[in-house]
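Colleague: Protein sequences appear in the order of chains A and B.
The opening position of the first sequence corresponds to residue 0 in numbering that gives the first Met the number 0, with each subsequent residue numbered one higher.
The opening position of the second sequence corresponds to residue 0 in numbering that gives the first Met the number 0, with each subsequent residue numbered one higher.
Hints should not be assumed to be uniformly reliable.
Once the Cα atoms are required to be at most 25 Å apart in a straight line, the calculated SDA-like pairs of lysine to any residue come out as [claimed, not checked]: (1) 142/A - 225/B; (2) 138/A - 140/B; (3) 177/A - 237/B; (4) 142/A - 237/B.
Because the hints were derived from the structure by calculation, they are not lab data.
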Amino acid sequence: MSRRLTVHLLIALVLVSFYVASYNELLQQQRGSVWKTSLSSFGIWNLPPIVLLGIAGEFKGVMADYLTLEAGAQLGTEVVRNPAGGYKSINKDYDWQSIHRLFVASQTLDPSFAQTYIVAQGWLPWDANMVSETQDILKIAAKNRPWDWQPAHAMGFNTYYFLKNPGEAGEIFLKAAKIPNAPSYLAILGARLAQKGGETETAISLLKSMLANINPEEPGYNDLLDRLHALEGVLVIEQAVNDCKNKIGRKPSSLSELTASGVLAALPPNPYNLDYCLDAAGIIYFDKPDCQSSNGGIKR
Amino acid sequence: MQALRNIWFLALATCTEGIRHRALWAIVCLSVLLTFANLSVTTLFTWDLGKVSVEFGLSAVAFTGLLLVFFLGMKILADDLERSRIFMLLSRPVSIWQYLAGKFLGLAMILLLATIILGLSAALSIHYVLWQYPGFMPPNFSWVSYAMALACQWMSLVMVLSVSVLCFSFASHPFVALLLAVSSYLVGQNMELLRRVVVENAHAGVLTGQDNLVFALSWIFPNLSLFDKKYAAAYGIVFSCQEFVLLCLYAISYSALIIYLATLLFKRKELA
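Let the hints inform the model, and build the full structure from the sequences given.
Modeller: Following this line, the structure appears as structure tokens:
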């Protein structure tokens, strides 16, 4: 009996040793090459969206959750044990195309999931220089999350910061401001950017439509009203500048020239009790009376 | 009246048999496990925790239900044939349609029991998550929508069950029936997707221009994607009572038709 037991133990020992040795060798080999090969290159997320939807079936939401977790796991710094002691961080060589596909796959399965667009916004435009791809992700999120102002806010930010288009950014911020529970500063910021980008009329109409839906008793209503009146003043001056250009064949050298030439009887009132200012580029400011000294503009 | 009584007794016997398979205990254990899994999985996320929790809970119900249909349901049906118990039943004044209807109702009752237990445990875990992280409560979330989504899930499982009974009624071997039922489930889940691909996509390969074929298939296979309300429950998207009632009617009419068809086919099956 004991001899049989010894034989069994020996066989088990040999099998276990063989298993441990082979598996350990395999793991060593995998770990040696993992830093060069991006893990995100392989996976179900590389399948066409339609196939992905077909495979996921009724478990689309859970699979989208998993893919977003996978994206989070692929990103970030990796900390490994240093053979000499302690830890060291490894800068991974990200395969941004594959990581982008991961986000797209996750969004295909669940277009409303917040974590997808937030993580994508946190990485893709900054580290991968994938601004237009991020905008696409944000656009889908904004469409499918009508209660959430943040996708539009992020889109506006990207348009202003990365794409250097304040006018369009302002329009996006103004649209975001119309979403319930959006912070009131979005409307003011949007109006300012839209006006800066030469979209004064758009800014005015969006502000008007917003004011129409706000109770005058609500906090922030008067701020929006002041901004509307200031923009209306800017629009009057902009139109007068164009009329003056047609009349005398050049841009006015100062805002006082508008009244002197009879194009305007008087400059419109500014609710901020500041002078309007026309800079060298032809932009009218309602809140920057010293625009001439700051950027070489022409002060009234 | 006697027919209804026969069906009811058979349904009760089938339900009891299912419970004796220890399936119910397995479901209770699974529900406890999934409740804890829901709590831990949710904390892996930073945003939309409520959505993750609701969707995980409802997906757990769907997954367990499918396991019950494909394995427990098919086993109970196959056992009757393999252990020749069916002859004992059919030698009494029980017709084939009563037998199949009774079996179907009994299995649907097991599914209902499982859905209630799993749905309640999922609701508990969701409630805990929403209580812990109130900032991530989905907008317009309501327990009524959750209950309706759960009911839709059960109806979807009942439709899959009816297709399984149909496959069982003509397949030569339970394994073949299982394969056919799983295939039907996959087709049913993707029916809406297939329809969209063919109708909305001009470059659908071999499917281009096959609108009539897809239309015909959509009437043959159960359109299970219509019953998938996890997304609506997870994001608090309201779906109307009218839609719910229509889904109920669709599930009942489709299941009744399939069970009737299964009866016709089962009569031709060589039982011995």
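Colleague: Decide, hint by hint, whether the structure agrees.
Modeller: Evaluated hints:
no.: 1; hint: 142/A - 225/B; verdict: 22 Å, holds
no.: 2; hint: 138/A - 140/B; verdict: 24 Å, holds
no.: 3; hint: 177/A - 237/B; verdict: 22 Å, holds
no.: 4; hint: 142/A - 237/B; verdict: 17 Å, holds
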